[in-house]
Amino acid sequence: MRKTTFCTSLAVAAAMAWTVPTLADETCMSPYIAKIQGQEDYVYVWTLGVEGMGDEQDKLVTIDTNPESQTFGQVVSVLSVGGRNEAHHSGLSDDRHYLWAGGLDTNKIFVFDIHSNPRQPKLHKVITDFVEKTGGLVGPHTFYALPGRVMISALSNNADHGGRTGLAEYNNDGEFVASHWMPTDEDLRGAVKTGQHADGYGYDVRVKAESNVMLTSSFTGWSNYMMDFGQMLQDSAAMQRFGNTMVVWDMHARTPLKVLDVPGAPLEIRCAWDPDHRYCFTTTALTSQLWLLYEGEDGEWHGKAVADVGVPSEIPLPVDISITADDTGLWINTFMDGKTRLFDISDPHAPKQVFEEVIGSQVNMVSQSWDGDRVYFSSSLLNNWDKTGEADEQYVKLYHWDGEQLAHQWTVDFYAEQLGRSHQMRFGAYALYGKRPDAEVKVSMAE
Amino acid sequence: MKHLNRIPSLAWLVALSLVSAGHEAVAQDDILAPGWKNLSYTPPAVGSYQLPPITEASDGTVLLEDGTESNLFDLMGDRVVLFSFIYTRCNDINGCPLANAVFHKLQAKLQERPEIAQATRLLSMSFDPERDTPEVMKEFGQGLGGNGVDWQFLTAQDYDTLQPILGDYGQYTIREYDESGEYTGDFAHMLRVFLIDRELRIRNIYSVAFLHADILINDLETLLLESPSS
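Protein chains in written order, with the numbering used here: chain A, 564 to 1010; chain B, 38 to 267.
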């Protein structure tokens, strides 16, 4: 029987990873979130609608991922939300009852109920006043679970639609709690500028709880991420409008402490799980480097480039990354060449690439099970940045990883099924809610 | 109604013995939550940060240790409250025993800070009313409260009165069953502790990752520095 644990500290999660060999969950989630033991039942895919395809709407696509199910590897639910919003990232509440998914263009946030019936999510709530409530934040991006709350990193602002932005905190009922703007040269908000930049840009957010540290990275604003990719590359002014910083925050106080120079648009952040591993990683989109953010012996957080990803001069464009539960491996996807690469990060100061494989003509997101045996890939980056023509493949693919090779299991072709462009993947499981897909209920909610 | 668990759980006894003995670390240090140990960082200074209201606290009917019925709001509003959901059989060292141990550590700190103690109330409420009767809760809490610290142990009449409270606070629990389908008496649950101000607003929600006496007392003092209308 699968069991569910709700222990949520980094320390506990790491300890359980050592003692329970069948843990399964993606490894990039908040340390405050409920964890799944055993096989994930579904993957929820936040999908961009495509004009002229199907109902043309953004949608939450549910794929059956339980190999014991008769519909394994098939789409079992499609929930359209009305219109297109530049569907991008999604995240789970700490109790995993709800999936939050954002629209980078319309600033709408769609909150899906995934616990009442994990096979058929329902649209629970739509937040339509994100810009107004947050004091001008635009582009809700990362949805990161905190106890009873969701921290949302934004990409832009409504004053100039550039990259200056911040974080917004909502409670689990979808009510606004607070905004936390990024430090800038004009207003460092008490932070120390350690290098050349304090651009105030934002992208991802992660917490290293043992250090009481929150890290944010930086990308670009609405005026760029909604621009045609080819056009932007030819626009030298636009190419200057990318983030070059990461910010170290006091997590408990929600105050910025340090602004670090990390040139070239540092995107996804993944932190080590072992409580004694006081470090996180990111990759830079424009300079194709792997960076280590770490707590030094002086107790301060520092950043340094520790490896190249592919050949930086060829602009492979690192996108999503995924750390293994034992902190020894880091999957890095590169959008332009469609490859996934595995880096051995056993020595975080000297990572080495140990594997690479082409997943498709364009690959973006990667999610792996806690045991690392199952690795899921999806394809879409942004509506105006995805490849065109034959190269515009849109999929979710499942591979098995045996430690040496990826073995393809199945592909769901999102264009063939008239769904749209597949972006972020999040896992669901009946066991989280004391439910079973069959009639013989072995666990139940307390009445 | 069954009264199966008059004796505190083994995990709780171990936990309490560790706290009482002043141990900050044990051999199983790697599995212990931060709340069992010395905090590995310096928390932000009292009054240097904000605790924005997260949501409104919720009322509900509870039973006090003497069996009398009360409303949660009768126990809130006059003081800042730390509100924890537990059950006495809980054996997860980083679950309810952690919450109890951190409150116990906090109590020791409050005894040295009577000006904070007199403005604070600790509430530990069971989500297992079938076993955790008022009598059991009273026995469980004996020797814990008092000494200038208001620490009360609550339960509910039954699941019907309990469930709305759990739902309002997002404290979901799942009964655990063994391989033969028998209820083990245990619950899977996510540890949550709530900081509630005198205007009945939730100002922080603590998880295993940062439930620590040093943080709690700083947050209490930070709230008490506010003017009532903050």
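Bear in mind the hints are in silico, worked out from the structure with no lab data behind them. Heads up, a few of these hints could be off.
[Claimed, not checked] Label-pair restraints from in silico Cβ distances:
no.: 1; chain 1: A; residue 1: E920; chain 2: B; residue 2: D96; range: 56 to 66 Å
no.: 2; chain 1: B; residue 1: G104; chain 2: A; residue 2: S679; range: 35 to 45 Å
no.: 3; chain 1: A; residue 1: D839; chain 2: B; residue 2: R150; range: 24 to 34 Å
no.: 4; chain 1: B; residue 1: G183; chain 2: A; residue 2: D824; range: 52 to 62 Å
no.: 5; chain 1: A; residue 1: V639; chain 2: B; residue 2: N108; range: 50 to 60 Å
no.: 6; chain 1: A; residue 1: E619; chain 2: B; residue 2: G84; range: 28 to 38 Å
no.: 7; chain 1: A; residue 1: G859; chain 2: B; residue 2: R238; range: 34 to 44 Å
no.: 8; chain 1: B; residue 1: R238; chain 2: A; residue 2: S679; range: 25 to 35 Å
no.: 9; chain 1: B; residue 1: R150; chain 2: A; residue 2: A913; range: 44 to 54 Å
no.: 10; chain 1: B; residue 1: D96; chain 2: A; residue 2: E967; range: 25 to 35 Å
no.: 11; chain 1: B; residue 1: G204; chain 2: A; residue 2: S632; range: 23 to 33 Å
no.: 12; chain 1: A; residue 1: S632; chain 2: B; residue 2: P201; range: 29 to 39 Å
Glycine is no exception: its CB is placed at the ideal position from the N, C-alpha and C atoms.
Consistency of the hints with the structure:
no.: 1; hint: A:E920 to B:D96: 56 to 66 Å; in the structure: holds (57 Å)
no.: 2; hint: B:G104 to A:S679: 35 to 45 Å; in the structure: holds (36 Å)
no.: 3; hint: A:D839 to B:R150: 24 to 34 Å; in the structure: holds (32 Å)
no.: 4; hint: B:G183 to A:D824: 52 to 62 Å; in the structure: holds (55 Å)
no.: 5; hint: A:V639 to B:N108: 50 to 60 Å; in the structure: violated (45 Å)
no.: 6; hint: A:E619 to B:G84: 28 to 38 Å; in the structure: violated (53 Å)
no.: 7; hint: A:G859 to B:R238: 34 to 44 Å; in the structure: holds (39 Å)
no.: 8; hint: B:R238 to A:S679: 25 to 35 Å; in the structure: holds (29 Å)
no.: 9; hint: B:R150 to A:A913: 44 to 54 Å; in the structure: holds (48 Å)
no.: 10; hint: B:D96 to A:E967: 25 to 35 Å; in the structure: violated (59 Å)
no.: 11; hint: B:G204 to A:S632: 23 to 33 Å; in the structure: holds (30 Å)
no.: 12; hint: A:S632 to B:P201: 29 to 39 Å; in the structure: holds (35 Å)
Of the hints listed earlier, those the structure fails to meet are numbers 5, 6, 10, in rising order.
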